[in-house]
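*Asks:* For reference, the chains in residue letters:
Number of protein chains: 2
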Amino acid sequence: MKIRIGIVGYGNIGRGVEKVIPQNPDTELAAVFVRKNPERTIIKTPGARVYTFNDAKDLTDKIDVIILCCGSATDLPEEGPKYAAMFNTVDSFDTHAVIPQYFEKINKAAANKTAVIAAGWDPGIFSAMKMLSEAILPDGATYSFWGPGVSQGHSNAIRKVAGVKDAVQYTIPSEKAVKEVRSGTNPQLTTRQKHTRECYVVPEENADLAKIENDIKTMPYYFADYDTTVHFITEEELLKNHSKMPHAGLVFRGGNTGENKHMMEFSLKLDSNPEFTACNLVAYARAAARMSKEGNFGAKTVFDVPLSYLSPKDGITLIRELL
Amino acid sequence: MKIRIGIVGYGNIGRGVEKVIPQNPDTELAAVFVRKNPERTIIKTPGARVYTFNDAKDLTDKIDVIILCCGSATDLPEEGPKYAAMFNTVDSFDTHAVIPQYFEKINKAAANKTAVIAAGWDPGIFSAMKMLSEAILPDGATYSFWGPGVSQGHSNAIRKVAGVKDAVQYTIPSEKAVKEVRSGTNPQLTTRQKHTRECYVVPEENADLAKIENDIKTMPYYFADYDTTVHFITEEELLKNHSKMPHAGLVFRGGNTGENKHMMEFSLKLDSNPEFTACNLVAYARAAARMSKEGNFGAKTVFDVPLSYLSPKDGITLIRELL
Numbered sequence: 001m002k003i004r005i006g007i008v009g010y011g012n013i014g015r016g017v018e019k020v021i022p023q024n025p026d027t028e029l030a031a032v033f034v035r036k037n038p039e040r041t042i043i044k045t046p047g048a049r050v051y052t053f054n055d056a057k058d059l060t061d062k063i064d065v066i067i068l069c070c071g072s073a074t075d076l077p078e079e080g081p082k083y084a085a086m087f088n089t090v091d092s093f094d095t096h097a098v099i100p101q102y103f104e105k106i107n108k109a110a111a112n113k114t115a116v117i118a119a120g121w122d123p124g125i126f127s128a129m130k131m132l133s134e135a136i137l138p139d140g141a142t143y144s145f146w147g148p149g150v151s152q153g154h155s156n157a158i159r160k161v162a163g164v165k166d167a168v169q170y171t172i173p174s175e176k177a178v179k180e181v182r183s184g185t186n187p188q189l190t191t192r193q194k195h196t197r198e199c200y201v202v203p204e205e206n207a208d209l210a211k212i213e214n215d216i217k218t219m220p221y222y223f224a225d226y227d228t229t230v231h232f233i234t235e236e237e238l239l240k241n242h243s244k245m246p247h248a249g250l251v252f253r254g255g256n257t258g259e260n261k262h263m264m265e266f267s268l269k270l271d272s273n274p275e276f277t278a279c280n281l282v283a284y285a286r287a288a289a290r291m292s293k294e295g296n297f298g299a300k301t302v303f304d305v306p307l308s309y310l311s312p313k314d315g316i317t318l319i320r321e322l323l
Numbered sequence: 001m002k003i004r005i006g007i008v009g010y011g012n013i014g015r016g017v018e019k020v021i022p023q024n025p026d027t028e029l030a031a032v033f034v035r036k037n038p039e040r041t042i043i044k045t046p047g048a049r050v051y052t053f054n055d056a057k058d059l060t061d062k063i064d065v066i067i068l069c070c071g072s073a074t075d076l077p078e079e080g081p082k083y084a085a086m087f088n089t090v091d092s093f094d095t096h097a098v099i100p101q102y103f104e105k106i107n108k109a110a111a112n113k114t115a116v117i118a119a120g121w122d123p124g125i126f127s128a129m130k131m132l133s134e135a136i137l138p139d140g141a142t143y144s145f146w147g148p149g150v151s152q153g154h155s156n157a158i159r160k161v162a163g164v165k166d167a168v169q170y171t172i173p174s175e176k177a178v179k180e181v182r183s184g185t186n187p188q189l190t191t192r193q194k195h196t197r198e199c200y201v202v203p204e205e206n207a208d209l210a211k212i213e214n215d216i217k218t219m220p221y222y223f224a225d226y227d228t229t230v231h232f233i234t235e236e237e238l239l240k241n242h243s244k245m246p247h248a249g250l251v252f253r254g255g256n257t258g259e260n261k262h263m264m265e266f267s268l269k270l271d272s273n274p275e276f277t278a279c280n281l282v283a284y285a286r287a288a289a290r291m292s293k294e295g296n297f298g299a300k301t302v303f304d305v306p307l308s309y310l311s312p313k314d315g316i317t318l319i320r321e322l323l
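Line by line, the protein sequences give chains A and B. FYI, the numbering used here numbers position 248 of the first sequence as 248, with every residue one higher than the one before it. FYI, the numbering used here numbers position 248 of the second sequence as 248, with every residue one higher than the one before it.
If you are wondering where the hints come from, they were derived from the structure by calculation, not from laboratory data. Being a predicted model, the structure only gives us computed values, none of them experimental. By construction, the Cβ of each residue, glycine as well, lies at the ideal position given by its N, Cα and C atoms. It is possible that some hints are incorrect.
What the hints assert, rightly or not - Sample of chain B residues at the chain A side, in silico, Cβ under 7 Å:
(1) D139
(2) A283
(3) I319
Claimed, not checked - Looking from chain B toward chain A, a few residues come up when the C-beta cut is under 10 Å (computed):
(4) S133
(5) G184
(6) L268
(7) S308
Using the sequences plus the hints, can you model the full thing?
*Replies:* Next up, the structure:
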């Protein structure tokens, strides 16, 4: 019997999950849930239906795991606990600062269900790599770099600047900083030394370009602490050259055993950030289904899941093929 | 109360474990076990004592986890099950071909104990990376490269060649092959295309160098399938330039979601192969102690261990600091 998956929210990640499910032959898409107007959402999976959020409570016996593919800012804090009370769930909640509170809320809600939170790639397997490498090399330093790739959060921040019609922001890791970290010197690096930011901005007609550029570059937290470059382009150029969502990232752990140095490096290069996030969510949905069957309820993170639970292969096959 | 660790076998890995224990403040060295003449083994840890293998049965209440630091060829198959019947154990058994049989033997022995097998870096966390990345990107290909670094197995094979006094062998990954894999083309690669082998050989006096070189290069399995270079050097040069045990390795998973390609890469660069192996063993010893407390007995692999069990930090601290 396949793991029956429900998708909540049909944006980039939700569509990614739908695309990835057929690559995982032990899973199938049972239903997609949208906030309103399900009749206007056309999905690609024959046999699966689109429902509203309100219909979910009537489908608890038709779905094994819900993958929550809605935003972390307002949707997940509201919808996450509701779904976790009714279903096993997986999400890619990514507001780092409030994850402990989110964990607590979900943990209370998931009294009889298993809810894996923050199981994308960052937070998610990047966090797993940081944890694993720190445990193996306790005497050392951990570094993370992001990009080259599109940051949705920073792109959205630019879109809110007066005079901006549309924008895409690329986060670029500093080659110099990456090289220094990789060499094993465990350097002290400032925010500015680690990443630069490249902004492709479509201005509104007759907008004050100098003001837009200044508003972006001085924006606290998002840009003020970085070397930021602003390129003004046309809407056509943005659509043609900047509509993909690639991303990349690096986690380093440089540590030592006395006089001997050791470097662990984990890197990702992704053509599509949301589709790779979807890959992670489906693997953790498999784990959620299994942990739930074992009665291992409550909120879980990537730290709690035995790696074998992510694979459709059984224990002895994993040992034979991969150990 | 600290996790009391016993080391069985005081070679490179055993000494590495002793060196790493103080970096893990929740662990302490309780005892070292050697096959014979314990009075001749001088260890560095004040308060810990050296015993013979035979003494172990009298120390079951003094030790929480035994780290088995003896060879995979003959020692572990014999000693592993004996210790796993009496203690929680961790080892770095690395004879890939017979791991399933070893797992079965240990699993039977560890009826009331937890025994984590093959928990070095390969097999070990390299296997974990292969498993994790395959589960996340089911439609793809996995590649492993080893080196640049010393292979003990290949060095030993050369030492058995007639006319060879001593030797060190370096395994070198092909830069071209690594570049091709990293680019995401998922190429088909032969054994010869992936690695080359560099041998530093000290010949015996008046040995036939041409014959030694030919014997090495044509040795089945070890060298015949590789482009191998043989350098003859003096004993002094070997001692001066080739007595360290660095190693390195790479695991790649190139996969796709439809038209989009994704690359996961995990790499290690190690000044000391045995000391990094020791780092892994101590982290998995922590996990073995915890699984045993929970009654989760039997043979385990890196696939079975939740990552959080490797860390001395508690769950909420891990979430706050690392998720």
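*Asks:* Can you verify the interface hint for B/I319: is its Cβ closer than 7 Å to any Cβ in chain A?
*Replies:* 6 Å, holds
*Asks:* Take the shortest C-beta to C-beta distance between B/G184 and chain A; is it under 10 Å?
*Replies:* Since the shortest Cβ distance to chain A is 7 Å, the answer is holds.
*Asks:* Answer holds if the nearest beta-carbon of chain A is closer than 10 Å to that of B/S308; otherwise answer violated.
*Replies:* Hint holds; B/S308 Cβ to chain A Cβ min 4 Å, cut 10 Å.
*Asks:* Taking 7 Å as the limit, does the beta-carbon of B/A283 come near enough to a beta-carbon in chain A?
*Replies:* This hint holds: B/A283 lies near chain A, its Cβ roughly 5 Å from the closest one there, short of 7 Å.
*Asks:* So, B/D139 near chain A? Judge it on the closest CB pair being under 7 Å.
*Replies:* Holds, about 5 Å.
*Asks:* Was the hint right that B/L268 lines chain A, CB cutoff 10 Å?
*Replies:* 6 Å, holds
*Asks:* Hold the hint about B/S133 up to the distance rule: shortest CB distance to chain A must be less than 10 Å.
*Replies:* 9 Å, holds
Going through the hint list in order, the structure satisfies each hint without exception.
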